[in-house]
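Novice: Construct the complete structure from the given sequences, taking the supplied hints into account.
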Amino acid sequence: RKEVEQDPGPFNVPEGATVAFNCTYSNSASQSFFWYRQDCRKEPKLLMSVYSSGNEDGRFTAQLNRASQYISLLIRDSKLSDSATYLCVVSRSYNTDKLIFGTGTRLQVFP
Amino acid sequence: EPEVTQTPSHQVTQMGQEVILRCVPISNHLYFYWYRQILGQKVEFLVSFYNNEISEKSEIFDDQFSVERPDGSNFTLKIRSTKLEDSAMYFCASSEGAGSGNTIYFGEGSWLTVV
Chain A
1 RKEVEQDPGP FNVPEGATVA FNCTYSNSAS QSFFWYRQDC RKEPKLLMSV
51 YSSGNEDGRF TAQLNRASQY ISLLIRDSKL SDSATYLCVV SRSYNTDKLI
101 FGTGTRLQVF P
Chain B
1001 EPEVTQTPSH QVTQMGQEVI LRCVPISNHL YFYWYRQILG QKVEFLVSFY
1051 NNEISEKSEI FDDQFSVERP DGSNFTLKIR STKLEDSAMY FCASSEGAGS
1101 GNTIYFGEGS WLTVV
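So the protein sequences, as listed, match chains A and B.
Residue numbering for the first sequence follows this note's numbering, starting at 1 and increasing by one per position.
Residue numbering for the second sequence follows this note's numbering, starting at 1001 and increasing by one per position.
Everything labelled a hint here was simulated from the structure, so no lab data went into it.
You may find that some hints are simply not true.
Think about it this way: if two alpha-carbon atoms lie no more than 25 Å apart in a straight line, the pair counts; the simulated SDA-like pairs of lysine to any residue are [to be verified]:
id : chain 1 : residue 1 : chain 2 : residue 2
1  : A       : K98       : B       : M1015
2  : A       : K98       : B       : V1012
3  : A       : K2        : B       : E1059
4  : B       : K1057     : A       : E5
5  : A       : K42       : B       : E1003
6  : A       : K2        : B       : E1096
7  : A       : K98       : B       : Q1064
8  : A       : K98       : B       : T1103
9  : A       : K98       : B       : V1115
10 : B       : K1078     : A       : D97
11 : A       : K42       : B       : N1051
12 : B       : K1042     : A       : P10
13 : A       : K98       : B       : T1013
14 : B       : K1057     : A       : Q38
15 : A       : K98       : B       : N1102
16 : A       : K45       : B       : S1055
17 : A       : K2        : B       : Q1041
18 : A       : K42       : B       : G1101
19 : A       : K42       : B       : N1052
20 : A       : K79       : B       : K1078
21 : B       : K1057     : B       : Q1011
22 : A       : K98       : B       : Y1050
23 : A       : K45       : B       : Q1064
24 : A       : K98       : B       : G1040
25 : A       : K98       : B       : S1066
26 : A       : K45       : B       : T1076
27 : B       : K1042     : A       : E5
28 : A       : K42       : B       : K1078
29 : B       : K1057     : A       : S49
Specialist: Following this line, the structure appears as C-alpha cells:
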C-alpha cells in the first residue's frame, strides 16, 4: 500500500467552481501534513500546512482527520491560474527532514 | 524573495559517467536536502544534511550517491557512475530549521538525462 494516496485526476472544472481533493496516508505515526502545488516540470511549492483544527487561506481550506488518516483540500472560486498538480505531503515526525509525497492530483481549470 | 538556485538546469550524460549537481541554498538556512522526481512519478526523498553530515537518507541513496558542502554556500550531489534509471529531475531544498513550523524551499531542479 502506498504511504500517501491521491486520486491522480485530472479534475477538469470551469472557472468559479469549487473543487475538493482527498488524500489518505497509511502511517498512523505521521505528524506533519502539507499541500504543495507543482506546475508542469517545476519545483513543488508549499501551498499550506494542514492542522488538526483545519485551516483556511483565502480560497483554500485544508482539513485533517487523524482518526481516518485523511487529508482534504478545498478550492473555492477556481481561477485559471489554479491549474496545476496538487501534492499531498506528510512527514513522519515533527521535523520536516523527510517529506513523503503523494503522486499528486491534476487540476485543470477552463474558461 | 530568497531562493534556492541549482545548476545545471539540464544535463545529458552517458551511462557510467560521473555527474555533479550543484545547489546554493538560501543563505541563513541550516538544513539541506536532495529529492528527485522521475518523469511522471512522485517526488522522492534522497537525503538530508545538517551540520556537515547526513542526517537521514533513503534506500535510493546508495553508494553511488554522495553529498558535500565544499564551502559555505554550495551543496552538491554527486552520482559516481550514472545508470539509465538515474534520469530524473533532481531538486535541492533547504530550510531554516527542521521543526514543523519550518518551510522547505525547493530549487527549480536539475533535469538529468542519462543516455
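Novice: Each hint needs a verdict: does it hold in this structure or not?
Specialist: So, going through the hints one by one against the coordinates:
Restraint check for K98 of chain A and M1015 of chain B: the C-alpha separation of about 29 Å exceeds 25 Å, so the hint is violated. With a C-alpha separation of about 28 Å, the suggested pairing of K98 of chain A with V1012 of chain B is violated against the 25 Å cut-off. With a C-alpha separation of about 16 Å, the suggested pair K2 of chain A and E1059 of chain B falls inside the 25 Å cut-off, and the hint holds. The straight-line distance between the Cα atoms of K1057 of chain B and E5 of chain A is roughly 22 Å, inside the 25 Å bound, and the hint therefore holds.
Pair hint K42 of chain A plus E1003 of chain B holds up; C-alpha atoms about 14 Å apart against a cutoff of 25 Å. Between K2 of chain A and E1096 of chain B the CA atoms are separated by roughly 29 Å; this puts the pair beyond 25 Å, and the hint is violated. Between K98 of chain A and Q1064 of chain B the CA atoms are separated by roughly 20 Å; this keeps the pair inside 25 Å, and the hint holds. Proximity of K98 of chain A to T1103 of chain B is assessed by CA-CA distance (about 12 Å); at most 25 Å being required, the pair is judged to hold.
The suggested pairing of K98 of chain A with V1115 of chain B is violated, with an alpha-carbon distance near 30 Å, which exceeds 25 Å. The straight-line distance between the Cα atoms of K1078 of chain B and D97 of chain A is roughly 20 Å, inside the 25 Å bound, and the hint therefore holds. A distance of roughly 28 Å separates the Cα atoms of K42 of chain A and N1051 of chain B; the hinted pair therefore is violated under the 25 Å criterion. Pair hint K1042 of chain B plus P10 of chain A holds up; C-alpha atoms about 16 Å apart against a cutoff of 25 Å.
At most 25 Å may separate the alpha-carbon atoms for a hinted pair to count; K98 of chain A and T1013 of chain B exceed this at roughly 28 Å. The hinted pair formed by K1057 of chain B and Q38 of chain A meets the criterion: a straight-line CA distance of about 24 Å does not exceed 25 Å. Restraint check: the Cα-Cα separation between K98 of chain A and N1102 of chain B comes to about 13 Å, which is no more than 25 Å; the hinted pair holds. A distance of roughly 23 Å separates the Cα atoms of K45 of chain A and S1055 of chain B; the hinted pair therefore holds under the 25 Å criterion.
Only pairs whose Cα atoms come within 25 Å are accepted, and K2 of chain A paired with Q1041 of chain B is accepted, the gap being roughly 13 Å. For a cut-off of 25 Å, the pair hint linking K42 of chain A to G1101 of chain B stands: about 24 Å separates their Cα positions. At most 25 Å may separate the alpha-carbon atoms for a hinted pair to count; K42 of chain A and N1052 of chain B exceed this at roughly 28 Å. For a cut-off of 25 Å, the pair hint linking K79 of chain A to K1078 of chain B is broken: about 41 Å separates their Cα positions.
The hinted pair formed by K1057 of chain B and Q1011 of chain B meets the criterion: a straight-line CA distance of about 24 Å does not exceed 25 Å. At roughly 13 Å between alpha-carbon atoms, K98 of chain A and Y1050 of chain B fall within 25 Å of each other, so this suggested pair holds. For the suggested pair K45 of chain A and Q1064 of chain B, the alpha carbons sit about 28 Å apart, so the restraint of at most 25 Å is broken. Of the pairs offered as hints, the one joining K98 of chain A and G1040 of chain B holds, with about 21 Å between alpha carbons and a cut-off of 25 Å not exceeded.
Under the criterion of a C-alpha separation no larger than 25 Å, the hint pairing K98 of chain A with S1066 of chain B is consistent with the structure, at around 17 Å. Between K45 of chain A and T1076 of chain B the alpha-carbon distance is near 21 Å, which keeps this suggested pair within the 25 Å criterion. Proposed proximity of K1042 of chain B and E5 of chain A is supported: the alpha carbons are some 11 Å apart, at most 25 Å. Only pairs whose Cα atoms come within 25 Å are accepted, and K42 of chain A paired with K1078 of chain B is accepted, the gap being roughly 22 Å.
For the hint pairing K1057 of chain B with S49 of chain A, the CA-to-CA distance comes to about 24 Å; that is within 25 Å, so the pair holds.
In this structure, the hints that do not hold are numbers 1, 2, 6, 9, 11, 13, 19, 20 and 23, in rising order.
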